[in-house]
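Enquirer: Quick one: dock chain against chain with the hints and give me the complex.
Residue numbers (the numbering used here), protein chains in the order written: chain A, 5 to 118; chain B, 448 to 558.
Among these hints, one or two may not hold up.
Using C-beta positions, here's what the derived DEER-type ranges look like [claimed, not checked]:
1. B/456 - A/64: 22 to 30 Å
2. A/114 - B/517: 46 to 54 Å
3. A/22 - B/517: 40 to 48 Å
4. A/81 - B/464: 42 to 50 Å
5. A/45 - B/523: 22 to 30 Å
6. A/64 - B/455: 28 to 36 Å
7. A/30 - B/456: 34 to 42 Å
Each computed DSSO-like pair below joins lysine-lysine, with the alpha-carbon atoms no more than 30 Å apart [stated by the list, open to error]:
8. A/87 - A/61
9. A/18 - B/449
10. A/87 - B/449
11. A/13 - A/87
12. B/489 - A/75
Just a sample of chain A residues kept apart from chain B, beta carbon distances all over 10 Å, derived [to be verified]:
13. 12
14. 22
15. 28
16. 31
17. 57
18. 69
19. 75
20. 83
21. 88
22. 106
These are calculated hints, taken from the structure and not from any lab test. Glycine included, C-beta positions come from ideal geometry on N, C-alpha and C.
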Amino acid sequence: DGGITQSPKYLFRKEGQNVTLSCEQNLNHDAMYWYRQDPGQGLRLIYYSQIVNDFQKGDIAEGYSVSREKKESFPLTVTSAQKNPTAFYLCASTPYPGEDTEAFFGQGTRLTVV
Amino acid sequence: RKEVEQDPGPFNVPEGATVAFNCTYSNSASQSFFWYRQDCRKEPKLLMSVYSSGNEDGRFTAQLNRASQYISLLIRDSKLSDSATYLCVVNPVDSSYKLIFGSGTRLLVRP
Chain A
5 DGGITQSPKY
15 LFRKEGQNVT
25 LSCEQNLNHD
35 AMYWYRQDPG
45 QGLRLIYYSQ
55 IVNDFQKGDI
65 AEGYSVSREK
75 KESFPLTVTS
85 AQKNPTAFYL
95 CASTPYPGED
105 TEAFFGQGTR
115 LTVV
Chain B
448 RKEVEQDPGP
458 FNVPEGATVA
468 FNCTYSNSAS
478 QSFFWYRQDC
488 RKEPKLLMSV
498 YSSGNEDGRF
508 TAQLNRASQY
518 ISLLIRDSKL
528 SDSATYLCVV
538 NPVDSSYKLI
548 FGSGTRLLVR
558 P
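Same shape as in the complex, but just chain B (with noise of 0.2 Å):
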């Protein structure tokens, strides 16, 4: 089983939708989780943390679960700005202190 696991898509949906990814890691002991963002052929760069009890962004919302080791992302109102790859990422804070990222799911917001 992969560290950490996301669904590839892509996910096409129009303006406007609201759309829900998630990703499973695999180690409980796991400390820290985040969303980056990754616009084609640009390197990734941070969206948003992923606190235990949720947070908020704008149009933006993750949630963590780690009885079910899950995160989310959840995008409100797509605009076609929001098009591009999602990485899901986990920082595991064991004695290796290497970050994890899963492959990323990749999201297309069409007019």
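Chain A on its own, in the form it takes in the complex (with noise of 0.2 Å):
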């Protein structure tokens, strides 16, 4: 079946750590992106890629960092340098722009500074 891969579902970090979330997709889409989402509150885009090689900064991509050598694959760092990294990360993609693009949704990576 095709579909979006998050690992792992839960991830604890210690402070100063950089840490690596995974995001996999099988579904042949040329568009990938992190979102970020704290309790209560909506969904913020912290990077997307529209192709491979090739990626943008969304609004909160400050001690964030994304690369994309694979169409397949789109992985997220949490640097040092990001101060609250407590959250729930989500990973999508959608194909290449059309008029109907719906977003398909990993099942998400809870990250949690200890």
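Expert: So this is what it looks like as structure tokens:
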């Protein structure tokens, strides 16, 4: 079955550490996205990528980095520069944009700083 | 002004009630519109796309008003299982091609 897989589901990070969240899709989608969601809040865009080897900053990119070396994969690194990283992180993908572009989401990674 | 705005709620309604949510967007060039449902601590899932002519799926009706730049979602005969957060999503289909999410409207349906 096609879909998006995020791992791990839960992640604990010590202060000062970098951690990388995995996102893999087998939907053959061109565009991929990373969102952050805080309790009781909506989704805020961190980074997005329209094609391989290209990505753009979203609204809250500071303290995060991404890569898009393969079409299927869009990992997100939460660096020590991100001062408040505890949140729910969601990866999504869409086909190359058209009139009806449904976004497919992974099940999310819940990151907690300890 | 936010690109996509929603009333955060919560909307607290009894079973069987009809409830409506509105969502306004700022980019008049926006082309695609969606409603997503998100359950607590889960990922969002597509509820329905919103077409210019309006569309209905069972108890759910979505409408688009381009002149006033808002979309709406109407839920008839509310069920307990409808309790969730409803996210409005806009795809500007401009050079950025990024989806824009509203912050969501929370619905609580009580017995």
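Enquirer: Decide, hint by hint, whether the structure agrees.
Expert: Now for the hints, and whether the structure bears them out:
1. B/456 - A/64: 22 to 30 Å: For residue 456 of chain B and residue 64 of chain A the Cβ distance comes to about 24 Å; the hint holds.
2. A/114 - B/517: 46 to 54 Å: For residue 517 of chain B against residue 114 of chain A, whose Cβ atoms are near 33 Å apart, the range 46 to 54 Å is violated.
3. A/22 - B/517: 40 to 48 Å: 42 Å, holds
4. A/81 - B/464: 42 to 50 Å: 46 Å, holds
5. A/45 - B/523: 22 to 30 Å: 28 Å, holds
6. A/64 - B/455: 28 to 36 Å: Check failed, 19 Å falls outside 28 to 36 Å.
7. A/30 - B/456: 34 to 42 Å: For residue 456 of chain B against residue 30 of chain A, whose Cβ atoms are near 36 Å apart, the range 34 to 42 Å holds.
8. A/87 - A/61: 18 Å, holds
9. A/18 - B/449: 34 Å, violated
10. A/87 - B/449: 24 Å, holds
11. A/13 - A/87: 21 Å, holds
12. B/489 - A/75: 25 Å, holds
13. 12: At about 15 Å from chain B, residue 12 of chain A clears the 10 Å cut-off, so the statement holds.
14. 22: 24 Å, holds
15. 28: Holds, since 15 Å exceeds 10 Å.
16. 31: 14 Å, holds
17. 57: 16 Å, holds
18. 69: Since the minimum Cβ distance to chain B is about 18 Å, residue 69 of chain A lies beyond 10 Å and the statement holds.
19. 75: Given a closest Cβ separation of 16 Å, the condition holds.
20. 83: At roughly 22 Å from the nearest Cβ of chain B, residue 83 of chain A sits farther out than 10 Å, so the non-interface label holds.
21. 88: 18 Å, holds
22. 106: 5 Å, violated
In the structure shown, a violation is registered for the earlier hints numbered 2, 6, 9, 22, in ascending order.
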